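Colleague: Assemble the whole structure, with the sequences as input and the hints as a guide.
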Amino acid sequence: MKNLFVCEFERIWSKKSTWLLFLLIPFVILASGKYYLSHNLEVGLTSAEFTSVGNFPAATIQEQLMTFFNASALLIIALAITEEYRTGEIRMVLVRCKSFGQLFVCKIFAIFTTIFMMLITYFICSLVIGYFLMPRVDNIKIFYYDGFFTISQSFIYGLKYYSYSFITLLAFASVGIFIGIISRSITTAIGSGVGFLLFSLIYPQLVYIFSSIKGVGTMKIQMLSITHIQHMGIAMALGERSLFFGWSTLILVVYIVVFITTSYVIFTRSDKNI
Amino acid sequence: MKDLVISELERVWSRGKTKGLLILFIGVTILWGVFMKQSDMGFYDPDTIMKLNSLNFGVFIVRDIHPLLVFVVLPMLYVDCFNGEHSLGYYRNVMIRPYEKWQFIVSKIITQMIVTFIVVVIMFVLTTILGNLFFNKVDSTEFFKVSGNFSFLGAFIYRAKYYFVEFVILISVLSLSALICTIIPNVVLAFMSIVGFFIGGIYVLGDDFFFFLSSGKDIFDVLGNVQSYNFYIIIVSFIIIGITSTLTLWKRKDFLY
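As they're listed, the protein sequences go chains L and W. Counting with my numbering, you get residues 1 to 274 for the letters of the first sequence. Counting with my numbering, you get residues 275 to 531 for the letters of the second sequence.
Any given hint could turn out to be false.
[What the hints assert, rightly or not] 27 Å max Cα-Cα, derived BS3-like pairs, lysine-lysine: (1) L:Lys15 to W:Lys527; (2) L:Lys34 to L:Lys160; (3) W:Lys527 to L:Lys16; (4) W:Lys419 to W:Lys311; (5) W:Lys325 to L:Lys214; (6) W:Lys276 to W:Lys293; (7) L:Lys16 to W:Lys525; (8) W:Lys311 to L:Lys220; (9) L:Lys214 to W:Lys311; (10) W:Lys325 to W:Lys435; (11) L:Lys34 to W:Lys491; (12) W:Lys435 to W:Lys419; (13) W:Lys525 to W:Lys325; (14) W:Lys411 to W:Lys325.
[Unchecked claim] Coverage of chain W stretches by chain L, computed from C-beta distances (three or more under 8 Å per stretch; other residues unrestricted): (15) 307-320; (16) 333-346; (17) 434-444; (18) 453-465.
By construction, these hints were calculated from the structure, which means they are not laboratory data. In this text, all values refer to a predicted model and were calculated from it rather than measured experimentally. Every residue, glycine too, gets a C-beta built ideally from N, C-alpha and C.
Modeller: Right, dumping it as structure tokens:
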């Protein structure tokens, strides 16, 4: 089991695209840092939107989580799952006496580990780049908190933010794995993955326009989309009053459980791999 | 050359994916029409809005269907044509025929232009029908950035022009996709690079690039003659750079493997 995991992990890392994604991270942070520097000029020093050294890691992941990280998760999944059994590479693994179930478990753990490593790299890079790029402010205002944070407190907040981001990415990756397993070709897998991403982005706006009473109920329905949780839900859940913390965690867990079990069943029952 | 294009078109149509995408595209367009009937607002930008009617509906839906085209439907078609066939090896069966190397890629580009044109025409016809079915019928309507009322025929011509500009924007997407697919040999990577290029461009180059994400406002500006020169420069240079470098790279490619 452990060897199979190591093998899967090595196969993810033997692809140039994985390295490319990791090399892209500093540039993505620089691009969004440039954006936040210009945005700083428009907001006041005491606004939660003002980005400084302390809250740069949390601020810079907020938008990139929806676009860059979700897309990278889709890319890793499509290469690790769909491409392998479309091109037949997976046969080389299956000649060993391992079951489909074991292979599936190792595969998803390897994917999750890679995503986790990406987040850590992003966090470290954003700390370093933020230190050089961003203005230094001692009293930091954070979304959904009344008081001010010191730099060390906001560092802890950043760690919490990244851990919760990891759970949302797991949920998105579960959907991606499901799509990757049922798709019959690589383009279908990646196209429907991007389609799902676009739909998740549009869905909260649709709900907002359609609903007549814009209250707590509407926000709960909007939260059904993973990207909406990534965009606003994390900050709300980690805020002072932990708005919707239970609800959004429940949604994420349901996403993970439902899609991973369905994919497991499909992956182990079907014989299209052979 | 003509036979190559016909063969290419037949192969595009023979994929189940194409039919699936077509159904998805038509379905989403109809659903979005129903949805726009509910909200009954046409956007120029988030602050400038106009009530919808049977004559101007076709124009305002482009703004929302555009991302679906640029990020899902068209890249899937382009990647399959420019990259998938070649990197999976199906294209060898075509390349054994006695044509020049450049003729193959030119036939592919022409085919995808035809496909894009068909997609735009489908959208045009569909939205014209939807507009007449769902929205209250009026004799004349107004548009943004152009003065005066448009009668039935005038509005039809305006819509046709509008869709033509949309088609030109999609052609610039096509030529860039062709270039990216020629450089990057892997299907998944090529797809992601196309999507990433158009989204990343907004971060790097700023709002001049925004019409790839949502084209409505820019086309109104073009038809009202108030568009900035950057728009034309980006579109024309993308088409020229995309197609010429695809041709050069394709001719130099080693097809022996």
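Colleague: Work down the list of hints and note, for each, if the structure agrees.
Modeller: Hint check results:
{"no.": "1", "hint": "L:Lys15 to W:Lys527", "result": "holds (23 Å)"}
{"no.": "2", "hint": "L:Lys34 to L:Lys160", "result": "holds (24 Å)"}
{"no.": "3", "hint": "W:Lys527 to L:Lys16", "result": "holds (21 Å)"}
{"no.": "4", "hint": "W:Lys419 to W:Lys311", "result": "holds (23 Å)"}
{"no.": "5", "hint": "W:Lys325 to L:Lys214", "result": "holds (23 Å)"}
{"no.": "6", "hint": "W:Lys276 to W:Lys293", "result": "holds (23 Å)"}
{"no.": "7", "hint": "L:Lys16 to W:Lys525", "result": "holds (26 Å)"}
{"no.": "8", "hint": "W:Lys311 to L:Lys220", "result": "holds (25 Å)"}
{"no.": "9", "hint": "L:Lys214 to W:Lys311", "result": "holds (20 Å)"}
{"no.": "10", "hint": "W:Lys325 to W:Lys435", "result": "holds (21 Å)"}
{"no.": "11", "hint": "L:Lys34 to W:Lys491", "result": "holds (26 Å)"}
{"no.": "12", "hint": "W:Lys435 to W:Lys419", "result": "holds (14 Å)"}
{"no.": "13", "hint": "W:Lys525 to W:Lys325", "result": "violated (52 Å)"}
{"no.": "14", "hint": "W:Lys411 to W:Lys325", "result": "holds (12 Å)"}
{"no.": "15", "hint": "307-320", "result": "holds (count 3)"}
{"no.": "16", "hint": "333-346", "result": "holds (count 4)"}
{"no.": "17", "hint": "434-444", "result": "violated (count 0)"}
{"no.": "18", "hint": "453-465", "result": "holds (count 5)"}
In this structure, the hints that do not hold are numbers 13, 17, in rising order.
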